[in-house]
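**Q** Listed below, chain by chain, are the residues.
2 protein chains.
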Amino acid sequence: MPKTVHLSLTEGHALATACLKANGADEANAKAVADTMIAAEGDGCKSHGLFRLPGYVAALRSGKVDGAARPKVARIAPGVVRVDACGGYAPLALAAGRQPLIDAAREQGIAAMALVRSHHFAALWPEVEGLCEAGLAGLACTAYMPAVAPAGARKAFFGTNPMSFGWPRRDGPPMVFDQASATQAMGEVMIAARDGHELPPGVGLDAEGKPSTDPNEVLKGVLLPFGGYKGSAIAMMVELLAAGLLGEHFSYEAAENDNKDGGPPAGGEFLLALDPSRFGDAGWMDHCEAFFERLLALDGTRLPGARRHENRPRIAADGFDLNAELHEKILGLCGA
Amino acid sequence: MPKTVHLSLTEGHALATACLKANGADEANAKAVADTMIAAEGDGCKSHGLFRLPGYVAALRSGKVDGAARPKVARIAPGVVRVDACGGYAPLALAAGRQPLIDAAREQGIAAMALVRSHHFAALWPEVEGLCEAGLAGLACTAYMPAVAPAGARKAFFGTNPMSFGWPRRDGPPMVFDQASATQAMGEVMIAARDGHELPPGVGLDAEGKPSTDPNEVLKGVLLPFGGYKGSAIAMMVELLAAGLLGEHFSYEAAENDNKDGGPPAGGEFLLALDPSRFGDAGWMDHCEAFFERLLALDGTRLPGARRHENRPRIAADGFDLNAELHEKILGLCGA
Numbered sequence: 055m056p057k058t059v060h061l062s063l064t065e066g067h068a069l070a071t072a073c074l075k076a077n078g079a080d081e082a083n084a085k086a087v088a089d090t091m092i093a094a095e096g097d098g099c100k101s102h103g104l105f106r107l108p109g110y111v112a113a114l115r116s117g118k119v120d121g122a123a124r125p126k127v128a129r130i131a132p133g134v135v136r137v138d139a140c141g142g143y144a145p146l147a148l149a150a151g152r153q154p155l156i157d158a159a160r161e162q163g164i165a166a167m168a169l170v171r172s173h174h175f176a177a178l179w180p181e182v183e184g185l186c187e188a189g190l191a192g193l194a195c196t197a198y199m200p201a202v203a204p205a206g207a208r209k210a211f212f213g214t215n216p217m218s219f220g221w222p223r224r225d226g227p228p229m230v231f232d233q234a235s236a237t238q239a240m241g242e243v244m245i246a247a248r249d250g251h252e253l254p255p256g257v258g259l260d261a262e263g264k265p266s267t268d269p270n271e272v273l274k275g276v277l278l279p280f281g282g283y284k285g286s287a288i289a290m291m292v293e294l295l296a297a298g299l300l301g302e303h304f305s306y307e308a309a310e311n312d313n314k315d316g317g318p319p320a321g322g323e324f325l326l327a328l329d330p331s332r333f334g335d336a337g338w339m340d341h342c343e344a345f346f347e348r349l350l351a352l353d354g355t356r357l358p359g360a361r362r363h364e365n366r367p368r369i370a371a372d373g374f375d376l377n378a379e380l381h382e383k384i385l386g387l388c389g390a
Numbered sequence: 055m056p057k058t059v060h061l062s063l064t065e066g067h068a069l070a071t072a073c074l075k076a077n078g079a080d081e082a083n084a085k086a087v088a089d090t091m092i093a094a095e096g097d098g099c100k101s102h103g104l105f106r107l108p109g110y111v112a113a114l115r116s117g118k119v120d121g122a123a124r125p126k127v128a129r130i131a132p133g134v135v136r137v138d139a140c141g142g143y144a145p146l147a148l149a150a151g152r153q154p155l156i157d158a159a160r161e162q163g164i165a166a167m168a169l170v171r172s173h174h175f176a177a178l179w180p181e182v183e184g185l186c187e188a189g190l191a192g193l194a195c196t197a198y199m200p201a202v203a204p205a206g207a208r209k210a211f212f213g214t215n216p217m218s219f220g221w222p223r224r225d226g227p228p229m230v231f232d233q234a235s236a237t238q239a240m241g242e243v244m245i246a247a248r249d250g251h252e253l254p255p256g257v258g259l260d261a262e263g264k265p266s267t268d269p270n271e272v273l274k275g276v277l278l279p280f281g282g283y284k285g286s287a288i289a290m291m292v293e294l295l296a297a298g299l300l301g302e303h304f305s306y307e308a309a310e311n312d313n314k315d316g317g318p319p320a321g322g323e324f325l326l327a328l329d330p331s332r333f334g335d336a337g338w339m340d341h342c343e344a345f346f347e348r349l350l351a352l353d354g355t356r357l358p359g360a361r362r363h364e365n366r367p368r369i370a371a372d373g374f375d376l377n378a379e380l381h382e383k384i385l386g387l388c389g390a
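In order, the protein sequence lines correspond to chains F and E. The first sequence begins at 55 in this note's numbering and counts up one residue at a time. The second sequence begins at 55 in this note's numbering and counts up one residue at a time.
One chain only, chain F, in its complex shape (with noise of 0.2 Å):
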């Protein structure tokens, strides 16, 4: 077992505000970020926790990223926001778009989000469930660096490319999911070649285009499309709604665009907003509920986001492990 350092949740969100402030964030995007990250540690996932922050710095350093910009919102069709982060970090232009998204939603039914000139380096699950927070469904999706070979094919192109998709529930947190769609997402593949567990078979494929399960093979190598041509679909329609639809970059202009510091690359996020209650059905909550409850009786079905659901409380209450290099390494960065 790797050595780790035990730290509350305000504990790692002080530590990542301060880091943050300290190569070039100002107090808002600063504060912004380290939601984002310590509610991925809270949900216990650490793939997109401080083990991010690095990253997040190297950017900030580099001047790739702006670390006091602020984002400009806009309705530019009545069911469409559109959100310039001018260059910063996503999450403080996220919430700068949350509340008029809502109500573009609530007014026209159907409302979408367009997410540009930003750099996203988070999972998707916080906005879904913010609109799911506010008795709206949600879907969310970002393209990112080319790390996934299309079907058929042996080279990167697609990125991660991950989907997330939320449900309002009557009582307690939404069902949400949130996946790449490359088998595993280079997050995890990171993870275990640090921790030197072995993948999954079908994860990927190394630098000759032949199947490997060692994660430092792969990573030098290409992620695999979850469940084959049909996953590789998916990921094209990612592309397609986060790029195409946007006018943002796809994984390969944002890999031939981006400087290479290890933080995120300038992109957009497409993020759909959908209000049941304007669809025709005012018992659509009762009828939702009794199709959970069905799919719940199932021998071994579980609801995707219910471990990071589970976890919740009880990280929040103990706090959190962190991986003692990785706290040398932050410190290191907070006395830049």
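Calculated directly from the structure, the hints in this document are not laboratory data. From the three backbone atoms N, C-alpha and C, an ideal C-beta is built for every residue, glycine too. Treat the hints with caution; some may be incorrect.
Stated by the list, open to error - Derived coverage of chain F by chain E (criterion: at least 3 residues anywhere in the stretch with Cβ under 8 Å from a Cβ of chain E; other residues may be distant): (1) 61 to 70; (2) 132 to 143; (3) 230 to 237; (4) 340 to 352.
What the hints assert, rightly or not - DEER-style ranges, computed between Cβ atoms: (5) F:G316 <-> E:L352: 41 to 51 Å; (6) E:N313 <-> F:A261: 52 to 62 Å; (7) F:R124 <-> E:R348: 28 to 38 Å; (8) F:M339 <-> E:S62: 49 to 59 Å; (9) E:P254 <-> F:K264: 17 to 27 Å; (10) F:E343 <-> E:C140: 22 to 32 Å.
Starting from the known structure of chain F, arrange chain E on it as the hints suggest.
**A** Using the frame of chain F, we list chain E on its own:
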């Protein structure tokens, strides 16, 4: 090789129309259903061609489906077009809602069609392709009869739950994929059993709920979603959009309410339309064409739907082969 009868698309259309009319469909409904089946034959997609006609007829004969239904279209929110098929087949209702959905999407940037009280028995790509031909992107999904075990479960609960997504191209037909949430169709498993082939892992479970690669065992068990828990999440999303959002039947409700006449159960369809020209990038078409070009430049790649589009001009010119037994059966149904 089974015996076949050769027909032109026009002959096939006339045969289908006559057969549906002989069984209680009026002119408009017969023509719309025939259009849909013949479009599938014309793309070489036989499983959605005249192969479906006996099922369509069975549901007319049993009285489950109203062959003279007139769909009602209502704009129930600025971004929501609700189409009530009034107990009829989906094709006429989809045709009635098409232009209102296109108008709404162009006006709002994004809009959805809620198709309800319909009987859907066709592929989804025709309606998605219809949106793409108007310069829009489209996404469609529908829940069907339980056939797929959710991740972790051993019993059928989700339908095959197809999802289709399409994107307009500058020249030629749009990119459209249309894929079930199951790894393989039951028909493919039957063919593997007949030919003595082993299944790839992940296709299905045996009668005891254990993973099996023996097609004979899977035929006694249940299909699995593509890509494990990720495909299962997609199947659940389809249930929530096509049933939960619209106030329509979840797959398990479709089964509980069906008369088992072999025709399609009552249900809904969710159809999303996006107007890329309203999302803020005037150059979106060039940008996306460059993306498709880069993708196709990779060794081993092709676009989803490419085979259908390659078949189209050939079958339009040369006609198609219809299984002779099916042809006999259809002729028998015509004389009802």
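**Q** Take the hints in turn and mark each one as holding or not.
**A** Tested hints:
Coverage of the segment 61 to 70 of chain F by chain E is violated [criterion: at least 3 residues with CB-CB distance below 8 Å; count 0]. As drawn, the segment 132 to 143 of chain F meets chain E at 4 residues by the rule of a beta-carbon pair under 8 Å; at three or more, the given contact holds. Residues of the segment 230 to 237 of chain F lying with their CB closer than 8 Å to a CB of chain E number 3, which satisfies the three-residue condition for coverage. For the segment 340 to 352 of chain F, the proposed coverage by chain E is satisfied: 6 residues have a C-beta within less than 8 Å of a C-beta in that chain, meeting the threshold of three.
Separated by about 26 Å at the C-beta atoms, G316 of chain F and L352 of chain E break the suggested range of 41 to 51 Å. For the pair N313 of chain E and A261 of chain F, the beta carbons lie near 58 Å from each other, so the given range of 52 to 62 Å is met. The supplied range of 28 to 38 Å is met by R124 of chain F and R348 of chain E, whose beta-carbon atoms lie about 34 Å from each other. One distance hint, 49 to 59 Å for the beta-carbon pair M339 of chain F and S62 of chain E, holds here, with the actual separation near 51 Å.
Range check, P254 of chain E to K264 of chain F: about 19 Å between beta-carbon atoms, so the 17 to 27 Å window is met. Separation of E343 of chain F from C140 of chain E is about 28 Å and conforms to the stated range, judged on CB atoms against 22 to 32 Å.
Of the hints listed earlier, those the structure fails to meet are numbers 1, 5, in rising order.
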